[in-house]
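This is what each chain is made of:
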Amino acid sequence: MKRFNITNEPINNQDVIDQVIHHNAGAVSVFIGTVREMTGDKQTKFLHYEAYVPMAEKQLQKIGEEILVKWPKAITAISHRIGTLQISDVAVTIAVSTPHRQDAFDASRYAIERIKEIVPIWKKEHYTDGEEWVGNQKGTEAYPAGHPEGVEK
Amino acid sequence: MVHILLFAGLAQQAKTEKVTIDVNSPLSVEEIRGLLQNQVGPLKGIEHALVAVNEEYVELTDQVKDGDTVAFIPPVSGG
Numbered sequence: 001m002k003r004f005n006i007t008n009e010p011i012n013n014q015d016v017i018d019q020v021i022h023h024n025a026g027a028v029s030v031f032i033g034t035v036r037e038m039t040g041d042k043q044t045k046f047l048h049y050e051a052y053v054p055m056a057e058k059q060l061q062k063i064g065e066e067i068l069v070k071w072p073k074a075i076t077a078i079s080h081r082i083g084t085l086q087i088s089d090v091a092v093t094i095a096v097s098t099p100h101r102q103d104a105f106d107a108s109r110y111a112i113e114r115i116k117e118i119v120p121i122w123k124k125e126h127y128t129d130g131e132e133w134v135g136n137q138k139g140t141e142a143y144p145a146g147h148p149e150g151v152e153k
Numbered sequence: 001m002v003h004i005l006l007f008a009g010l011a012q013q014a015k016t017e018k019v020t021i022d023v024n025s026p027l028s029v030e031e032i033r034g035l036l037q038n039q040v041g042p043l044k045g046i047e048h049a050l051v052a053v054n055e056e057y058v059e060l061t062d063q064v065k066d067g068d069t070v071a072f073i074p075p076v077s078g079g
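Going down the list, the protein sequences come from chains B and R.
First residue of the first sequence: 1, per full-length UniProt numbering; consecutive thereafter.
First residue of the second sequence: 1, per full-length UniProt numbering; consecutive thereafter.
Careful, some of the hints might be misleading.
Heads up, simulated DMTMM-like pairs for lysine to aspartate or glutamate below, C-alpha to C-alpha not over 20 Å straight-line [said to hold, decoys possible]:
#1 B:Lys62 with R:Glu47
#2 R:Lys18 with B:Glu50
#3 B:Lys62 with R:Glu17
#4 B:Lys62 with R:Asp22
#5 B:Lys116 with R:Glu56
#6 B:Lys58 with R:Glu47
#7 R:Lys44 with B:Glu66
#8 B:Lys2 with R:Glu55
#9 R:Lys15 with B:Glu131
#10 B:Lys116 with R:Asp68
#11 R:Lys15 with B:Glu57
#12 B:Lys124 with B:Asp18
#13 B:Lys73 with B:Asp18
#14 B:Lys58 with R:Glu59
#15 B:Lys116 with B:Glu66
#16 B:Lys58 with R:Glu56
#17 B:Lys2 with B:Glu57
#18 R:Lys44 with R:Glu17
#19 B:Lys124 with R:Glu56
#20 R:Lys44 with B:Glu132
#21 B:Lys58 with R:Asp68
#22 B:Lys73 with B:Glu50
#23 R:Lys15 with B:Asp18
Computed footprint of chain B on chain R, listed as stretches where at least three residues anywhere in the stretch have a Cβ under 8 Å from a Cβ of chain B [to be verified]:
#24 18-25
#25 28-39
Stretch-level coverage of chain B by chain R, calculated; a stretch enters the list once three of its residues show a Cβ under 8 Å from a Cβ in chain R [stated by the list, open to error]:
#26 48-55
#27 104-118
#28 121-134
No lab work stands behind these hints: they were computed from the structure.
Ideal Cβ placement from N, Cα and C applies to all residues, glycine included.
With these hints in hand, go ahead and build the complete structure from the sequences.
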């Protein structure tokens, strides 16, 4: 298994964790992103993720390199699933090991925030009352029409 | 020939994920974006898409040459 991985298969969290455990690690922080049913008053039936796979894996690797610069002894592994996911399925698993716990917490948080900025992966929400491609979740990108494509408001 | 990749809402509007464009001389990313829409029609929101050439993010003024792969990357929503 690759340390920075985009996969169509269900993610095995332990496989991701196993890639960062080593003899000088004193802490492993694991972030797991799962499919949420309710977003405000909208109910999700299921999600579809697509990715520009080769570039997405490169960008995940870049996040690992950025982490290594900020936290020099951190080892990172990230798997992101694509395809159709049901409620509570694991969409992304991030594991970071460091000698001490504070860095592991900080670095795993950094990784998920960066994924939402630079990794070419897109989520399509299939709601009970329609569907939409979700835009930038950090709210730093505007849509010219004021809402994502394919949704009439 | 320049290979163009479209994703998410852009692919949905264009009704295709791959477009090829013949180029005789190097063009800017912005010019490629114009030629693309001449071919497939206007793509709403493409001005907010990031652009990658050969899997690396670039600026609109960067050059695209024969054989390159240009990807238009709408606001990402992984995680």
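Going through the hints against the structure:
no. : hint                  : in the structure
1   : B:Lys62 with R:Glu47  : violated (25 Å)
2   : R:Lys18 with B:Glu50  : holds (15 Å)
3   : B:Lys62 with R:Glu17  : violated (25 Å)
4   : B:Lys62 with R:Asp22  : violated (32 Å)
5   : B:Lys116 with R:Glu56 : holds (17 Å)
6   : B:Lys58 with R:Glu47  : violated (24 Å)
7   : R:Lys44 with B:Glu66  : violated (33 Å)
8   : B:Lys2 with R:Glu55   : holds (19 Å)
9   : R:Lys15 with B:Glu131 : holds (17 Å)
10  : B:Lys116 with R:Asp68 : violated (26 Å)
11  : R:Lys15 with B:Glu57  : violated (25 Å)
12  : B:Lys124 with B:Asp18 : violated (30 Å)
13  : B:Lys73 with B:Asp18  : holds (16 Å)
14  : B:Lys58 with R:Glu59  : holds (18 Å)
15  : B:Lys116 with B:Glu66 : holds (15 Å)
16  : B:Lys58 with R:Glu56  : holds (9 Å)
17  : B:Lys2 with B:Glu57   : holds (9 Å)
18  : R:Lys44 with R:Glu17  : holds (15 Å)
19  : B:Lys124 with R:Glu56 : violated (24 Å)
20  : R:Lys44 with B:Glu132 : holds (14 Å)
21  : B:Lys58 with R:Asp68  : holds (18 Å)
22  : B:Lys73 with B:Glu50  : violated (32 Å)
23  : R:Lys15 with B:Asp18  : violated (41 Å)
24  : 18-25                 : violated (count 0)
25  : 28-39                 : violated (count 0)
26  : 48-55                 : holds (count 6)
27  : 104-118               : holds (count 5)
28  : 121-134               : holds (count 6)
In this structure, the earlier hints numbered 1, 3, 4, 6, 7, 10, 11, 12, 19, 22, 23, 24, 25 are contradicted, and the remaining ones agree with it.
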